[in-house]
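In my numbering, the protein residues as written are 378 to 1087.
I should point out that these hints are in silico values taken from the structure, not numbers from a laboratory. We treat Cβ as the ideally placed atom computed from N, Cα and C, and that holds for glycine. Be a bit skeptical, because a hint or two may be false.
Label pairs and their calculated CB-CB ranges [what the hints assert, rightly or not]:
1) K1065 - P582: 20 to 26 angstroms
2) L729 - T1080: 25 to 31 angstroms
3) F808 - K1065: 57 to 63 angstroms
4) E706 - K664: 34 to 40 angstroms
5) E699 - G873: 25 to 31 angstroms
6) N467 - S512: 45 to 51 angstroms
7) E1055 - S507: 36 to 42 angstroms
8) P866 - E784: 53 to 59 angstroms
9) L459 - P866: 27 to 33 angstroms
10) T1084 - F808: 22 to 28 angstroms
11) P732 - G873: 43 to 49 angstroms
12) V807 - Q712: 30 to 36 angstroms
Once the Cα atoms are required to be at most 27 angstroms apart in a straight line, the calculated DSSO-like pairs of lysine-lysine come out as [as the list claims (entries may be wrong)]:
13) K833 - K694
14) K654 - K694
15) K486 - K654
16) K468 - K963
17) K703 - K654
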Amino acid sequence: MPGLILNNRTSPLKVPGFHDIPVNVELPQDQFAAGIQDWRGSILTAKELAMLELINTLTERPDWHVRIFQQEEIARWREDALSASSLINNKTWSWCLKELQDKARDFEKQGHVLVFNTGSGVCKSDTAISSDIQSELRDATVSLIQDMDRETRSLNMQKSPVVNLVDPSLFPLVYGRTKVLTGGQSCGIDQASWLSCIQEGQTAPEQPQFPQENSRLHWLSHDCIWSTKFQWLPLEVEFTGPPGSTEVQITSYINNLHPTNRNMYSAIETVLASSIKQWNKILIQQKWNKPSEYRISHGEPCPREPIRIRTYGVDWKARFPEWAKKLPEYSKEDQLPAEEYKRMCAQVEAYLQEPESKDKVHWFQVHTQRIPEDWKTRWGLRRTALTKYAHMFFFEHSDPGTTYSYEDWKAGRTSEAIIGPVDQGNWGPVFETEQFLLSNPWLEPYRWAYEPKGPKDDDHQFYTVALQDEFREEGLQVVVKVHSIELEPDMPSFSGEDWHTEGNANEHIVTNAIYAFDSDNISQPQISFRQRLSHAGDRYVYDKIGAGDDPDDDESDFEDVEYSDPEDALIFEPDPEEKYACWDVKYIGRLCGFETIQNAPAWQELGKVRVPLGRLISFPNAFQYRLGPLELRDKTRPGHCLFLTLSLVDPTYRICSTRNVPPQQPSWIDGSQMDLKEALKLRDELMKVHIRKDEATFELARTIVFTGFQ
378 MPGLILNNRT SPLKVPGFHD IPVNVELPQD QFAAGIQDWR GSILTAKELA MLELINTLTE
438 RPDWHVRIFQ QEEIARWRED ALSASSLINN KTWSWCLKEL QDKARDFEKQ GHVLVFNTGS
498 GVCKSDTAIS SDIQSELRDA TVSLIQDMDR ETRSLNMQKS PVVNLVDPSL FPLVYGRTKV
558 LTGGQSCGID QASWLSCIQE GQTAPEQPQF PQENSRLHWL SHDCIWSTKF QWLPLEVEFT
618 GPPGSTEVQI TSYINNLHPT NRNMYSAIET VLASSIKQWN KILIQQKWNK PSEYRISHGE
678 PCPREPIRIR TYGVDWKARF PEWAKKLPEY SKEDQLPAEE YKRMCAQVEA YLQEPESKDK
738 VHWFQVHTQR IPEDWKTRWG LRRTALTKYA HMFFFEHSDP GTTYSYEDWK AGRTSEAIIG
798 PVDQGNWGPV FETEQFLLSN PWLEPYRWAY EPKGPKDDDH QFYTVALQDE FREEGLQVVV
858 KVHSIELEPD MPSFSGEDWH TEGNANEHIV TNAIYAFDSD NISQPQISFR QRLSHAGDRY
918 VYDKIGAGDD PDDDESDFED VEYSDPEDAL IFEPDPEEKY ACWDVKYIGR LCGFETIQNA
978 PAWQELGKVR VPLGRLISFP NAFQYRLGPL ELRDKTRPGH CLFLTLSLVD PTYRICSTRN
1038 VPPQQPSWID GSQMDLKEAL KLRDELMKVH IRKDEATFEL ARTIVFTGFQ
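I would like the entire structure built from these sequences, with the hints used as guidance.
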């Protein structure tokens, strides 16, 4: 619907919350993934996570982009990698080496490197911002701290070592309170026009509350992530350089940073120009160019890069001997000639001496059990061999390059999975399959290969984003934050942040950039990232039923449990027919790096990225992130580190910005809209809204579930 959202200098304001447009409006056009509600990444194997961590670690080494081509360094780094993690072997190293060398070539051209790049990624650069710009920001911040209202700073320091110097939660848009220019006027950064703008402004309309429903998903998608009271106010920027350039100019004031701080405005413009280059590499589109029926039905966004190891189950390694396939059923052994029976017994006895796995399996006809000493008379040849076979299954982490090569991965030919997918949702025994497996019981572990397959994954669809071209006419909207971690001898440490994304859904934040521009006497910051998972348990290969209860089985995976209430033992005692249902799910958890995967929250940590002084990093707002703990290096004197955070509003949307809202700060202009006391109170309320959003989106996001016996 063209013109639904409009915020320019000439037309009436038509943005969420105004002109009868609800705050939670969803546009019909393509858009970028904004926040965790729009993005669910593929679950990654533990081995791929180890590969991502290795690549990130090696790209931290000095001159890595040069040394990665030197044979002596390659040999040394290979030994380091293989000794540091059991998940790194020759195959994973070979893949990582190729990828690192390609990243080094890109780094020479672009000056940044993409890490944890599966789905989206984290872009980092130590050279994107010059030392001159770093100094400008540092010097400007010194005067900003000096000019900062003492009451505001005192309140910050009482709560935590975090000092918000430019805080978008202070003096935000408040529905039913803030005055807004709705007729197409522009407030801009001209101080002389602010007073008349206040006089022309109209109070932002109050927003109706969302309907109260008991639905868990309704609460997650409305009350939890949207606000009917607050919205951050982004600034407006225009592209100013030649076509293709990311140079920008700020055209409306930065909320809570007075335009008289010209040097800081100029420095932020420079950082923003470099951030746009990084954002182009990580922004996630919501729509596939050529979606399959599966993608359409599940509404999944389009990742930037494919996963390296695609599998929907454990690739069990065991081979039933050819001679064992000829062993007769116990009831038919008496029909064998004596010499033939003796020869078969010798083969089974030799087989029993082979090394065994510590992993236990419980398929219907291939079931880990203790083999009795009198196996000849009690079980017979075939069952004994099948049981020994059950002891030969070794869990192994799947390797990259199994179904598609590194070259295939680069080209997007990544649809083939190592195991699966299946369609557990439509699971059910097929007579022909059952008869076949009864006749060939050693194939029971590979039952999935003989049953109907689930929808195949698509080959990857690469795409490019160029904000400077696609939105050159409209410009961009960006939220600016500057904050400091300040430690003192009597407060020598900072425990770190909680997991969060920037803003509520109202702001439509799609990506962030963080620049570390000052640091003294403090440990090096690290930022951790995690993503919500798109986990379709019904596509994974696992045993929903398992082996039935066997009176000969004196081994059990179920430990004895003492119950305080005897009735609890009746409730929780496993049904003999369901005893081993989903027994292999724990191995899927091991495959994907979960201590316990059944009913685990559908989240996965990707890793940590260092943020040394002078580094610019960017990442999608679809990732939750948190700054890790910090402490003073020298406990006898104070220390600090300063960060500039830039958050991009989805440019396919337009929201109310500082172009539309005359400054509300009482120290900026006489007759302002709000005093500091009220602003601080509202800020605390808004911060609680953000905390609720981050906690609830984690708790209410669905868990990973593998359904069992049906």
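- Task: Could you work out which earlier hints the structure fails to respect and list their numbers in ascending sequence?
- Result: 2, 4, 5, 9, 14, 17
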